[in-house]
Amino acid sequence: MKVILRIAKTHLLSKPKQTLVAMLGVTFGIGMFIMMISLMTGLNNFTEDLTKIASADIRMYKDVTEPRLTILDRIHPSGLNQVHSVKPKNESDKIRNALQIAEELRKDPEIVGVAPRLTSQVFYNFGPVKLNGSVAGVDILEEDKLFNLSTKMKAGSLTALMTTSNGLIIGSGLAKKLSAQVGDLLILTTPQGVTYTMKVVGIFQLGLGEIDNVRSYSNISTVQKLLGKDAGFITDLNIKITDYRAAKAKAEKIQSTFGEKAEDWESANATLLAGAIIRDIMTYSVSITLLIVAGFGIYNILNMTIYSKMKDIAILKATGFAAKDVTGIFLTQSLIIGLIGSLLGLVVGFGFSLLLAQVPFDGGDLLSLDSLPINFDPKYYVIGIVFGVLTTALAGWIPSRKAGNIDPIEIIRGI
Amino acid sequence: MKDILLHTQGITKYFHDPNTFQVLKEIDLEVKKGEFLSLVGKSGSGKSTLLYLLSTMDMDFEGKLQINGEELTGKSPDYLARFRNEHIGFVFQFHFLLPEFTALENVMIPAMKLGKYPESKIKNKAMEKLDLLGIADQATKVSSKLSGGQQQRVAIARALINEPLILMGDEPTGNLDSVNSRIVFDIFKGLTRDLGQTIIAVTHDEDFASKTDRIIEMKDGKVTN
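Chains A and B supply the protein sequences, listed in that same order. First residue of the first sequence? That's 315 in the numbering used here, and the numbers climb one at a time after it. First residue of the second sequence? That's 27 in the numbering used here, and the numbers climb one at a time after it.
Incorrect hints may appear among the rest.
Quick look at which bits of chain B chain A covers, simulated, 3 or more residues with Cβ under 8 Å [to be verified]: (1) 59 to 66; (2) 72 to 81; (3) 97 to 108; (4) 123 to 132.
Calculated from the structure, these hints are not laboratory results. C-beta atoms are modelled at their ideal positions from N, C-alpha and C, and glycine is treated no differently.
With the rest of the complex left out, here is chain A (with noise of 0.2 Å):
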């Protein structure tokens, strides 16, 4: 099959403006591809880094709105019961043996930790400004394992809070708007009207300002304290498994096992994962429309060659070139064609994606960010090739058959 290579090259050769051109339809949209895709995926990829950085993978809490039988349809299931005026129980958000459960789970190979904690909304006194904001009560060590705290202290130490009972991490935004320093004493107040003073040992900034704002962790015992609960209430056990793309499975099985809901990460910030999705549509549907006009290109070239080769087909075929070998001949050139375009597609588009790492990015208060996020994982590089060379086959195919079963005595008699 060497003479049909040969014969595609020197096709190809000897019309080098002509290939350029239908090489550069198809970098143009493999370039674009790569580009988009990178964008987009960088995109996504640090949405989901945010995510993971405000929730766990697994969080096990107490869901009071999950609705409830009445009596009534307790005891006549069957029948047709109708009570007016539903009031919710008041139930207290506690987990029942949250940290036996959390033993249990520890045991799990597959969880890496589990971290309990209390959550409280509190008032931030100090001086004259009052504040808005949560404080959680956390083993401080094991939240550390499950989301890298100590990487993201900014004044104090982890440690210091361990050592002090009436200690307080804040973020770094609620230090800002509290100008409040390490060491400093704040005053919080619960919504039940407890006011408790308490000591500044460290500030963290986690990058996402919703967080750094408004939250502030503590001891969980002294959060037991500051609502007047007893040393077992706990209302979320937060989980980190091995392979967090797994989450959904197994918050589903420990959900099962402990009757307590289980939400995982994605469920979570369904939301904000929406938006990775409709940046994958929107991705993919440009580049296929790019590669789509690159392969009509290829089309149209392929068929204006075949048409003035006509001739030459002729005799090919009289010597004892069989339809496939001229298809060969062909779909070798829209091959190339394709292979060589879409090579310098990914270098194209790695090129600009590089640029585009470089563009300053303002995320604001919210985002901790100073450049676009772009991914440059290889796989995108296999797809677009694929994506490029498969384009350009099918582009090629078409127009090759035809040539294929052009008959010989046709075109020698039409001269």
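On the provided structure of chain A, position chain B as indicated by the hints.
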């Protein structure tokens, strides 16, 4: 008594477009090995059509075609392409050289398609053929840069490269001046005389036909002598 190389029996062909029309009527033909045969007749007598049938390019007919004892009717197009490649050399009125390739490459292409010999050997053989036709000095020129006579000789070299059983010519001198016509004829004559090459040529040229071993005259789709 020489061997019979090509044998047809009751070949009948119709054209259907625009009207059904019988071009060939019950043609029985035998061609012996080493024979230089010319097919003559007026335009529309069916001589070219017959040649295309004999060359296996057109297999849409009734009757039987045997070449070298092998029955070719009913064979697949791919098989016939292979058969043509190996056993039939073709020279047309126009040279039909591939314009982007050199004379040498044009001659080599059918042999490379056949793939029987390594490329270096094919190259030597192609040079031999060009030398035989007296145009070895033009081997490295792009075929579109050659003169008409030279191009036709390259085309003959190409037809001969796979040492075909039969060389077929469709008005091989039809587009050449008298000098080049004579050269081409002399080449053909030499091939039959020296190498025992079987040749079937369709021609208008009575002078050309008269000097061949046998003339088959066609009229209205029938062989008249």
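Quick rundown of the hints versus the structure:
With 0 residues carrying a beta carbon less than 8 Å from a beta carbon of chain A, the region 59 to 66 of chain B misses the three-residue requirement, and the given coverage is violated. Counting residues of the region 72 to 81 of chain B whose CB falls under 8 Å from any CB of chain A gives 3; the rule of at least 3 is met. Remark: the region 97 to 108 of chain B is confirmed as covered by chain A, as 4 of its residues place a Cβ nearer than 8 Å to a Cβ of that chain, reaching the required three. Check result for the region 123 to 132 of chain B against chain A: holds, 5 residues qualifying (beta carbon to beta carbon below 8 Å, three or more required).
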